[in-house]
Each structure stands twice: as C-alpha cells, then as structure tokens.
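Asks: Sequence:
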Amino acid sequence: MPTTTLTRRDLNRATLARQMLLSRERATAVHGIERLIALQAQLARPPFIGLWSRLAGFRREHLVELIARREVVRAPFLRGTLHLVSAKDYLDLHPVIAPVLHAAVRSVLRSRADTLDIPRLVAEARAYFDEEPRTMDELRDHLAQLHPEGDVRAMALAVRMHLPVVQVPSATAWGYPGTADFAPAASWLGKPFREGDGPRALVLRYLASFGPATATDVQTWSGLARVKDVLQSLRERLCTFRDERGRELFDLPDAPRPPADTPAPARFVPDYDNLLLAHDDRTRVIADEHRGRIVLSANLRILPTFLVDGFVAGTWTIERKKASATLVIAPFEALARGARDQLAEEGEALLRFVEEDAGVFDVRFEKTGPAKTPAARAKGGGNVKAPAARAKGGAAPKAPAARAKSGAAPKAPAARAKGRGTAKAKG
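Numbering of the sequence shown is given in the working numbering, commencing with residue 900 and proceeding in unit increments.
Just so you know, these hints were derived from the structure itself, not from any lab. Errors might be hidden in some of the hints.
Said to hold, decoys possible - Label pairs and their calculated CB-CB ranges:
{"id": "1", "residue 1": "R907", "residue 2": "R1019", "range": "48 to 56 Å"}
{"id": "2", "residue 1": "E1244", "residue 2": "D1160", "range": "17 to 25 Å"}
{"id": "3", "residue 1": "A1235", "residue 2": "D1050", "range": "51 to 59 Å"}
{"id": "4", "residue 1": "Q1131", "residue 2": "L1045", "range": "26 to 34 Å"}
{"id": "5", "residue 1": "D1208", "residue 2": "A1026", "range": "19 to 27 Å"}
{"id": "6", "residue 1": "T904", "residue 2": "A967", "range": "42 to 50 Å"}
Yeah, the Cβ is synthetic: ideal placement off N, Cα and C, and Gly gets one too.
All chains should be built: construct the whole structure from the sequences, respecting the hints.
Replies: Quick look at the structure:
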C-alpha cells in the first residue's frame, strides 16, 4: 500500500487539534495538563496562560487549588527542565525519564562526574530536604560545608538530576514564588513511583499529544535513547505516513488529523510553550526564518508568541503602569484586517485574565520589522545546560527589565477587587 504524504499544513492542524488550540475544550485543569503530558514552567505564570488558551472557562484558581492539594506538581522533569505535571503522571513517568536525567550529569560534567559519590550526595540531600523544604542555594551551601574541597556546582547538579524533588508552592497569585523551596517528591506526595510500560508508554503519550512525528521528533522532546527501536516495537500498533521530505512519521491510528483547510483561530501561547519545542522540525508551527526572533540568545528564553492561521506570526508582551495594562502585539509581517480583529478580541480577553486587577485594558500593535539572525538553539528548547544555569531555586533566568514582573507573582487575589475598563485596539 502506498504511504500517505502529510503536508506541513496537515501536520499543523493535527498538532493544533491535540494541543487543544483549534477550539477550547471543556475539561478540568488536571485533565488538560495530562492531555499535554506536562507544561514547561521555568516561570510560574506561563502554564496558567497555556491552559487559559486551551480550556473553556479556565480560571486561575482552578490550577492554584490543584497545586495546593498536591494533585499537580512543579518539578525538574523532561530534559531536567521545570515542568508542571499531574502528580499521577509524575509518579508514572519520572522512572522512564530518570535515565535521561542521570545521563545528562555525565554529558554536562564530563570528567568532573568521576569525582562524585552520587549515592552519598543524594542521601545527604534527601535528609537535608526532609528536615524542611529549602532552596537550591541552601543545598549548595550545605554541600559546601559537608565537602569543603568538593566541586559544589557539580554536586548540586548531580543531586538535582538524581534525587526526584518538587517545588513547594506558596500563597501567591501564580502558585509559586520567584525562588521556591524544594522537597523530596516521595515525601511531598506520600506515594511511591510506579513501574509501567517504560519508554513505550511515554512514546505513545507523546504521539497522542504531538503526533504525527518522526523518531527524531520524539527523541528531541524526550531525550530518550534508542527511540527508533521503541517505535519499531510499537509499529503494529501505529500507523505511518511520510512528510513532504519523505521522512517517516508515526502516529496513533485513532488520533485526530483534521483537514489542512480546517479554520484555526488566533491564539496566544506563553513563554516556553511546548507547542514550539516538542519537535526537531518545527516548521509545522513556525517558519525557520522566524525561529531566531522568538529566542533570547543570552539566556535561551523562548518568548511568548501568537498564532495566525495556526502558525506563529509574532510575539507579545504585557506592559503594566499602575492601573493600566497594555498588551503589545509585535507581528513578524503585516497582518490582514481580519487577523488583527481576532487578535485584538482574543488579546483583550488574555489581558483581563493575566492583569485582572487593572482598571484600563489596551491592545496595541507594533510595526513589523526585519527578521533577525537566528539565535543559537539547543534542540528541545535549549535544555541540556539548563539544570546548571537554573540551579538557583530552580527558577528560570530573569526576563528583560521591562518584563521583570512577567514570571513573578503579582499581588494576591485578595487585593484584586478593582473595576474593569475597556480595551482599545490601536493601529
């Protein structure tokens, strides 16, 4: 039988359908997170925006309550990067990705790893965190006292990659402070890790959330070794296609694959959204010439973006001055009138969600500018070096000065009783 070829637009619509970006779906927050497997959470706020863009009727307190009840955790997860993941999936999938995290220690430290007694370090860190939750800075100080001649940063990285830990939430608007304490996952959740179907289970979950995909796509997202062998063992359960370059694509037989001309609404996605990072070939959602425009090369931060007709068409940011909040939309190219109208309407709703205590809401479009030279990119979103660079409290590098508020928790909900204004779209 000849193999069906899927175009770039075919892949785009299939991915958007699974990412709940063709239409908002009525699902609980925990179900939405599990549909996505996990949401990257280097900053506290983006997962809330990611769910708001995908779930009908989602409210901030829905996720805050799940975090407080320990049904959702924020922890080093895929590729060692902070993710928000359901407690159930964390217990099921962490054993699958643990070998990837362990291998990352050797990859980053190289010969420095030979000097480490990792089982001893993990036991010391587990006992230290079990006394009370503490930051990664405090852990480094503790390790320095225990091993004054040791390589403190190497020891801290080894602990982070070998000891499953979760961040401790706080009573803030976005669930977590800028610098959060860590606690051992087993102690925090009070449940053991579960041994399931190993890499096969993770690959099937990936295809359900991001397929159709090549073996290289799966490897980029998961970091798993021997992905081709895993897919080969699943071949009888999967269907296959070819992309326009002739590469083999794997998928679940009953997964949604809408027609290429299916309408795709304007959508805003947050910093680091996995929609942009889950494939090796990302042209299904963003043109290669635009990739460098969404990456801050200084810290590999992935900027918030918006979609027009299903593809990334620019970036956005929020400016806050006292009671006034402005959504600034920066398109890569000139936008059609209909797209601008959609973005203005969706953007006002986003602004009201994020800056709910503002009194005046405004949407502003910036002029288009020339494409920039692509920044240096690490596959999978630049996460190989992330554990060491983000060891301080597990937080991501700071955003640019004008956006310093974007990852931090604003005032608590109790202080948000102010009135609403009306948004204005400016040309």
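Asks: Which of the numbered hints are not met once you compare them with the structure shown?
Replies: 4 and 5
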